[in-house]
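2 protein chains.
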Amino acid sequence: MVKIDPDRLIADLKWLRSFGATGPGVVRLSLSPVDLAAREWLAGRMNEAGLDARIDGVGTVFGRSRNSGPALVIGSHTDTQPTGGWLDGAMGVIYGLEIARALGENDATRHLAVDVASWIDEEGTFSGLLGSRSFVGEAVDATIRDATNRQGERLEDVLKAAGLADRPRARFEAGRQVAYLEPHIEQGGRLEALGKSIGVVTTIVGLRELKLRFTGQRNHAGTTPMAIRRDAGAALVAFIARMNDAFKALADADTVWTVGRIDLDPGAMSVVPGAADMYLQFRDANPVRLQAMEQALAGLVRDFNAQRTVGVELQSIDEPIEPVSMDATLAEHIARAAEAVAPGQWLHMPSGAAHDAQVIARCMPACMMFVPSIGGVSHDFIEDTAEAHIVLGCQVAATAAASMLLALAGR
Amino acid sequence: MVKIDPDRLIADLKWLRSFGATGPGVVRLSLSPVDLAAREWLAGRMNEAGLDARIDGVGTVFGRSRNSGPALVIGSHTDTQPTGGWLDGAMGVIYGLEIARALGENDATRHLAVDVASWIDEEGTFSGLLGSRSFVGEAVDATIRDATNRQGERLEDVLKAAGLADRPRARFEAGRQVAYLEPHIEQGGRLEALGKSIGVVTTIVGLRELKLRFTGQRNHAGTTPMAIRRDAGAALVAFIARMNDAFKALADADTVWTVGRIDLDPGAMSVVPGAADMYLQFRDANPVRLQAMEQALAGLVRDFNAQRTVGVELQSIDEPIEPVSMDATLAEHIARAAEAVAPGQWLHMPSGAAHDAQVIARCMPACMMFVPSIGGVSHDFIEDTAEAHIVLGCQVAATAAASMLLALAGR
Numbered sequence: 001m002v003k004i005d006p007d008r009l010i011a012d013l014k015w016l017r018s019f020g021a022t023g024p025g026v027v028r029l030s031l032s033p034v035d036l037a038a039r040e041w042l043a044g045r046m047n048e049a050g051l052d053a054r055i056d057g058v059g060t061v062f063g064r065s066r067n068s069g070p071a072l073v074i075g076s077h078t079d080t081q082p083t084g085g086w087l088d089g090a091m092g093v094i095y096g097l098e099i100a101r102a103l104g105e106n107d108a109t110r111h112l113a114v115d116v117a118s119w120i121d122e123e124g125t126f127s128g129l130l131g132s133r134s135f136v137g138e139a140v141d142a143t144i145r146d147a148t149n150r151q152g153e154r155l156e157d158v159l160k161a162a163g164l165a166d167r168p169r170a171r172f173e174a175g176r177q178v179a180y181l182e183p184h185i186e187q188g189g190r191l192e193a194l195g196k197s198i199g200v201v202t203t204i205v206g207l208r209e210l211k212l213r214f215t216g217q218r219n220h221a222g223t224t225p226m227a228i229r230r231d232a233g234a235a236l237v238a239f240i241a242r243m244n245d246a247f248k249a250l251a252d253a254d255t256v257w258t259v260g261r262i263d264l265d266p267g268a269m270s271v272v273p274g275a276a277d278m279y280l281q282f283r284d285a286n287p288v289r290l291q292a293m294e295q296a297l298a299g300l301v302r303d304f305n306a307q308r309t310v311g312v313e314l315q316s317i318d319e320p321i322e323p324v325s326m327d328a329t330l331a332e333h334i335a336r337a338a339e340a341v342a343p344g345q346w347l348h349m350p351s352g353a354a355h356d357a358q359v360i361a362r363c364m365p366a367c368m369m370f371v372p373s374i375g376g377v378s379h380d381f382i383e384d385t386a387e388a389h390i391v392l393g394c395q396v397a398a399t400a401a402a403s404m405l406l407a408l409a410g411r
Numbered sequence: 001m002v003k004i005d006p007d008r009l010i011a012d013l014k015w016l017r018s019f020g021a022t023g024p025g026v027v028r029l030s031l032s033p034v035d036l037a038a039r040e041w042l043a044g045r046m047n048e049a050g051l052d053a054r055i056d057g058v059g060t061v062f063g064r065s066r067n068s069g070p071a072l073v074i075g076s077h078t079d080t081q082p083t084g085g086w087l088d089g090a091m092g093v094i095y096g097l098e099i100a101r102a103l104g105e106n107d108a109t110r111h112l113a114v115d116v117a118s119w120i121d122e123e124g125t126f127s128g129l130l131g132s133r134s135f136v137g138e139a140v141d142a143t144i145r146d147a148t149n150r151q152g153e154r155l156e157d158v159l160k161a162a163g164l165a166d167r168p169r170a171r172f173e174a175g176r177q178v179a180y181l182e183p184h185i186e187q188g189g190r191l192e193a194l195g196k197s198i199g200v201v202t203t204i205v206g207l208r209e210l211k212l213r214f215t216g217q218r219n220h221a222g223t224t225p226m227a228i229r230r231d232a233g234a235a236l237v238a239f240i241a242r243m244n245d246a247f248k249a250l251a252d253a254d255t256v257w258t259v260g261r262i263d264l265d266p267g268a269m270s271v272v273p274g275a276a277d278m279y280l281q282f283r284d285a286n287p288v289r290l291q292a293m294e295q296a297l298a299g300l301v302r303d304f305n306a307q308r309t310v311g312v313e314l315q316s317i318d319e320p321i322e323p324v325s326m327d328a329t330l331a332e333h334i335a336r337a338a339e340a341v342a343p344g345q346w347l348h349m350p351s352g353a354a355h356d357a358q359v360i361a362r363c364m365p366a367c368m369m370f371v372p373s374i375g376g377v378s379h380d381f382i383e384d385t386a387e388a389h390i391v392l393g394c395q396v397a398a399t400a401a402a403s404m405l406l407a408l409a410g411r
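Going line by line, the protein sequences match chains A and B.
The numbering of the first sequence is the numbering used here, which starts it at 1 and goes up by one.
The numbering of the second sequence is the numbering used here, which starts it at 1 and goes up by one.
Worth flagging that the hints you see were computed from the coordinates, not collected in a lab.
No experiment lies behind these values; they were computed from the predicted model shown.
Treat the hints with care, since some could be wrong.
Copies of one chain are not kept apart here, so a pair can be met inside one copy or by any two copies together.
As the list claims (entries may be wrong) - In silico lysine to any residue, SDA-like type, Cα no more than 20 angstroms apart, as pairs:
(1) K211 / R8
(2) K211 / H348
(3) K196 / P225
(4) K196 / A227
(5) K211 / M269
(6) K248 / R308
(7) K248 / P225
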């Protein structure tokens, strides 16, 4: 069986962490100076590993195997959230690097082709999932021209300043690249709660993001009797209670919905709010349930407008994101590898978070595996995973990768 | 009888409106650049009217009569809500200016002393009723040191930047200042509904202002199952429902409570809120009911902390404000003036809104009079009063002011 080198794996992860290290966490926003330095280092490590590696025209680091196909692409992202953890994305990329090395050091697998990718801007500093979207052939030129970061820097200018704008962009090679594997931290608490070490991902959930605007009548909070108020904030609160009941009736244990932001207008203690906005996100692995939740919400809005003196309007914030199923055959390779390396310590589960794998799945079979997040915490400096789990996860991924490639080569 | 000049009155009101005019409304938050400019203009107009006027160490514009006492103080405020109307406060201040001028132009009243005040920050951009509290001798140094506005600017820094910090503060002159009159728009719909033109105020209701902070656990909105969430925003919404039930059981028809502002932290669609703040205000004319509502709220907080995984903490935002009775003798002068100027067009009524008069009443007899608000609307850009009512109200106030001063001088 292919054996990874735990010391080399951890050393590379810690070296990558040093780019943007901030206390226990990392601040390495896409295409920032420290992110660009990390990409140069990563490309160098890939070349030392025998890959043909470069930073492409959007910033993705792509390390192409010098072996002929069929090739397995292993990837994730090395950019972070504004207050990011050290493993979110980074772990999957260094897994790919270590797996390419480990397969190259084993006579039974030396001939196999593993490409390794660090997709640019998964976290959306400029435009989420940009690297994988460019790789699968989505037209991203308009995005590159228009996208800006929070500081208002234009993506096009940043790519020019980094000397990347005129470089070729990594693109999917039909026929050669036949499968995609993305190892990642869970970013939730399920594996930890159940005492498991590996999650084999079945589906990446879909999501809806909506804004509900309530419109009443702004008035003085002392001189307007309760009986004649049209308080948009009070209406919003009443609506959420009804919505929770409706969603609970439709939900299963994996369905989630979140009101992440509420704005009352004008937001003063002495003023009855005349308008109120709530920002709602809900996610589920089942497209039928997502539609049912949308319909239930639309029904609540109709009823509310019919019954109340405060009106409510539903606005969609982003394009709906539909659930994406992972390839069952590839998932089976991961499950078998997990059972071989860590008997009984794995389970099937959906991914509640979005990942590049949902984009790559448009052009080739894709799969994902998770390792536990301590306390289920992510997108936070204190995000972490036990070193034993990091090492175990890489060994499972390496074993799965070898078995996928041997099966594919055997076709 | 003293005659006010309607054209001069309306012209000054419209000129003041031009500082911070926003559509039909006004945005003139305490000590903002536009508010400071308005105060400079107002002090100038007061000096032209023969008063000895200056902006004091907290920002109050005080115009002292050059006549010897006994003096009547006529005042209100020229700061506004974040989205304020053009007459809320401003009308009473310009009434004072016009009445000082009108009495000065009449041989029978030229010798009488009218001081005119625009008290700083009645609306509580930094700390509500600050100017009148400073005037009556309340210790406000700690408030000036600690208070901040919504942008986090410190009151102390803002006063320094405006060059006011080292100026003397206007203070009550015992013996000289013997009565206070505050004319104001009603900010409610009672006068309009009953077809009356003048309200003679009997009592100003008391109020409580509280902040409730809910503390849970921030987490990823996609990967954190509903069952293990500690969503501070969801807890806040559940708390409001319980609070509404408890308050309804205690309220009478004039009891009011308002959640004017809600902040979820961090306020992002993809993050389960880890903290949530709600700002609550409630008002009533009965001090016993106000205490009962406070006790009910404290009980809900205790129960909530005992039953939930999200904690809630109750914080007082401002000192409790108890109901305050207006001086009956001064009110009788207003009633007689109203009957003389507008026979049968006036009534006695409570004030559901807080006013500087309730603070000034600590050091001298105080009274208030109202003119109608169109549609009962205030704290809104569309707040307005018929010009005929504005002019009528000023004539009633001038007649009442002369009659108060002649009676006081006669003592």
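Here is what the structure says about each hint:
1. With identical chains, the CA atoms of K211 and R8 are never at most 20 angstroms apart, being 44 angstroms at best within one copy and 48 angstroms at best between copies.
2. Proximity of K211 to H348 under the C-alpha cut-off of 20 angstroms is found in neither arrangement, the shortest distances being 33 angstroms within a copy and 45 angstroms between copies.
3. Taking CA atoms no more than 20 angstroms apart as the test, K196 paired with P225 passes between copies only; the shortest distance there is 17 angstroms, against 57 angstroms inside one copy.
4. Taking identical chains as interchangeable, the C-alpha atoms of K196 and A227 lie at most 20 angstroms apart only when they sit on different chains, with a minimum of 19 angstroms there against 55 angstroms within one chain.
5. For the identical chains of this complex, K211 and M269 are inter-copy neighbours only, at 10 angstroms across copies versus 24 angstroms inside a copy, given an alpha-carbon limit of 20 angstroms.
6. For the identical chains of this complex, K248 and R308 are inter-copy neighbours only, at 19 angstroms across copies versus 23 angstroms inside a copy, given an alpha-carbon limit of 20 angstroms.
7. In this homomeric assembly, K248 and P225 come within 20 angstroms of each other (Cα to Cα) only across copies, at 13 angstroms, whereas the closest approach inside a single copy is 34 angstroms.
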